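Asks: Protein chains in written order, with my numbering: chain A, 13 to 304; chain B, 13 to 304; chain C, 13 to 304; chain D, 13 to 304.
By construction, these hints were calculated from the structure, which means they are not laboratory data.
These figures come from a predicted structure and were not determined experimentally.
If a hint is listed, it holds; no wrong ones were tucked in.
As the list makes no split between identical chains, a pair holds if one copy fits it or if it spans any two.
When the alpha-carbon atoms are kept at most 27 Å apart in a straight line, the in silico DSS-like pairs for lysine-lysine are as follows: (1) 86 - 127; (2) 86 - 249; (3) 171 - 253; (4) 214 - 171.
In case you want the letters, here they are:
Number of protein chains: 4
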Amino acid sequence: MTSMRVGFVGLGAMGARMAARLQKSGSRLTVFNRTRDKAEPLIREGATWADTPAAVAEQAEILFTMLAHPAAVKEAALGQDGFLYWLRPQTLWVDCSTVNPSFSREMAAEAHARKLRFLDAPVAGSREPAARGELTIFVGGDAADLEACRPLLQAMGSKILHVGGHGMGTALKMVNNLLLASSMAAFAEGLVLGEALGIEPKRLLDFLLVSPLVAPYMAGKRNKIESGNYAPEFPMKWMQKDLHLAGVSAQETAVALPLAGAAKELYELAARQGHAQEDFSAIYAFLNARQP
Amino acid sequence: MTSMRVGFVGLGAMGARMAARLQKSGSRLTVFNRTRDKAEPLIREGATWADTPAAVAEQAEILFTMLAHPAAVKEAALGQDGFLYWLRPQTLWVDCSTVNPSFSREMAAEAHARKLRFLDAPVAGSREPAARGELTIFVGGDAADLEACRPLLQAMGSKILHVGGHGMGTALKMVNNLLLASSMAAFAEGLVLGEALGIEPKRLLDFLLVSPLVAPYMAGKRNKIESGNYAPEFPMKWMQKDLHLAGVSAQETAVALPLAGAAKELYELAARQGHAQEDFSAIYAFLNARQP
Amino acid sequence: MTSMRVGFVGLGAMGARMAARLQKSGSRLTVFNRTRDKAEPLIREGATWADTPAAVAEQAEILFTMLAHPAAVKEAALGQDGFLYWLRPQTLWVDCSTVNPSFSREMAAEAHARKLRFLDAPVAGSREPAARGELTIFVGGDAADLEACRPLLQAMGSKILHVGGHGMGTALKMVNNLLLASSMAAFAEGLVLGEALGIEPKRLLDFLLVSPLVAPYMAGKRNKIESGNYAPEFPMKWMQKDLHLAGVSAQETAVALPLAGAAKELYELAARQGHAQEDFSAIYAFLNARQP
Amino acid sequence: MTSMRVGFVGLGAMGARMAARLQKSGSRLTVFNRTRDKAEPLIREGATWADTPAAVAEQAEILFTMLAHPAAVKEAALGQDGFLYWLRPQTLWVDCSTVNPSFSREMAAEAHARKLRFLDAPVAGSREPAARGELTIFVGGDAADLEACRPLLQAMGSKILHVGGHGMGTALKMVNNLLLASSMAAFAEGLVLGEALGIEPKRLLDFLLVSPLVAPYMAGKRNKIESGNYAPEFPMKWMQKDLHLAGVSAQETAVALPLAGAAKELYELAARQGHAQEDFSAIYAFLNARQP
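Required output: the full structure, derived from the provided sequences and hints.
Replies: Dropping the structure here:
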């Protein structure tokens, strides 16, 4: 199976690393991206370039997408030269993009209407785990479809969770990022308040980062916070977008999210003040800033 | 030292358990509480009852307070029959109450003005750790004063942290509870959204409670969330009060806390709707409720 | 002109009253609604019933829509039997629904692609002004198109504002409702706090409702607040939806709305606690409630 | 009566103008301020300088205070050289400072314990109305005490409201500023969103500032918003402080204020980013700013 012809659409910071993992594990790739330069390293290793999503579809026995937001997925799938019009019947489309669950279900329905199969399979983890094939992958859809592509998913991720039916992979990813975004902002507030009250910053981090009250994830942000270098692992603008998508899903399900809502507005304010492209942990820098 | 005459003012759910630990470790207690019935178990084991805080002070070589809020501490210390007027010079007052740092510093100044010594030593942990002597104790003040009472603190806590000067123990406790309150509310939002999106609740908890994105503390709330029985370990009204105190400190230090602020209002709404006396994890029940 | 053949799609509480105004002013109506019973009063006065939006289009020289949300507009326009496929070239479609500006622009583009003309023309005002033809109508699109339908708009509204190009009518309506929703919640907070502090409620309203700090609109809610009867003029669930649409537009334009965001979550909590179908001023009742 | 010996403590931007009004109407002033330079214009017109609040008290038949916050009032009244220890029995103390109601009641009790009389009489209006004697004055306390000083209040204010007993003047002032702060932030959000959506700014203001959905007060901020010159009429840092005091009162009365809470944090963020000394309407500039 690892020598299947695999189509891959979307070669951003994450997608390029994920496609490379597939390639290394033996898949023959056909790839498309809005700009071709991102594909060059893969092409040098043997991947075939396609000029359109449709052209990827014509060669693919299975197709992966890793795009920035629902509109980008929809354009690639159903726009002019959309791949959904060209995939052979029974082909499996695996969407790894971070979208919202109702959108995943909409895409599943579009696929089914064309006798295609669909999995939502968004991933957790940033660039380094992607490069090492150590992502966590949340899968929604039929168990049989998951089994059909498990070896490929295992090339990209070290943890594969079958969460439930269509949209449930996306749903758990959404909850994941909601917790990430809110926890980081709350943690930053705690740091800023503690420092303002006079606690020595190093001692404060030493204590909090092993405290059961703090998510273990935060320890990975210590360097950024102490150095003030917020080179992006997860850019703030994407985190803010994920909070917005959670808000869309909350609206669809009549759920109130007062903290996540406050976090969304806070990240937007920070983004407008110049932190949009930085790692989302730069919310600490924004909260801690003081102009004369 | 463990046979020192120890004064203890404030025998609520926490104070009574802490005083019992001191008694078991050999201290001779003199105790005061607004209502005497809470003191009876200690008296049966040999503690002396005092009718006023002042009467405690007259017998104490060291004095502990564990009261509900700053106003209660001030009344006991400086009100009519306040103990500060009656402690012998050089006596050490250890305030274990959860207050705000500027209040701790104010009490330190009041103590110093009377040639007394002061430590702020608020505790983290709920009723069960208190009963087992396994609290975490955050200490602010002089190292010499901490050493002078360390054996007593060790009778109550398994982890003693010297955070810094006066008010710094209180400051770290404040940060601690801020993180606790915000994280719990954020976690509850994640659960409610995940369930509303269709993720099976048990699977959702199974995943989140071992996720690095979630504070390990949350696992201790699983039973409450699954059973719907919110018998209080940490009553919501106290958590809401601690968020308010954090807001007071934030104001004094010109810090913005958008998430903690949103959490404070959310807990207040929940408290008004009937959850005030429940465990603060009942915020999940409030967010998840839906009237026809 | 007033004897033009006018198509009208969407006969809810507002649409039925607006269509009746057109009918009274001489227009010959062809109407469609998901349920026919809402159309009966118009049919009795001479309106023609159509079984589908497409059937309305076939008879219409101009077409109005007044639907609940963007998805409903899209379904009527572009779904199976959508009217956009059947309108004659150069026909003017006037969408009075409260939607978001990017959606209005999308509909304008869909219309233009079919050689049709489009105006977004959402209305401000509740049921009574609708029945009297005293709505405010915010128009986005070409001035010539506005002039072409001005007499019809004047049958429904006493104030017609040409705000700008496509989507600008919708944009101003959105700002309008944003202010309405936030102001009402802020006003309710002021009332609840004032009463809790001991100000006599009647005196408080007497003062605030003529104060320059309070929007004159609020005076119209006095009866509801004093009587506790929140029969809907503007149901809370629609107001909450409008805040969500404002959030969508804010996301598209990278604007932060901390207060409107907080208001959105507050209305959702209130809706879940049973106020969804009441007038949105019932946010006062929700904030003021206290369970034992 | 207008030739009474009037003590006045606190000569900031507001207090100096209010004292000048009393002086012009015939009162013989004895004044105290932390820095003497603010008192010079009054001294040149005949006022007597006092070196301490106590020294003011010794000469005063009635005493006014206009100070920045509760702690400043307490220091002047009850600190070293506090005036409360020196006022003659039955003297009336009128506190015009913007504080919180429980503090006003505490001051009333302190006054009564010394056989003194007390009114809380905070004022609404900025520097220009203060200079013209056109403030609104909210009075809490006994009607007889109000009558005793009405001519003096009328020298400073054009509208005198007797709201209720002790603390009720302060309570209504608090509600007033709560509405002012929330409404301004909500209005700014509406402007920023409307502009971002493409509505021409002048047209947007033209429409909103006569809309019944907008508090008439906002019209007075148009010049600042259009010019970008936020010379303070009401500095943002004071408005932020008033929101904090409202939060303290909300906590004391178990009221939830989600919007006012969000506004408090927003103003704090804006203050930290450099807007603290500007007029509070600069919240528009903060929300509208965008860094590259």
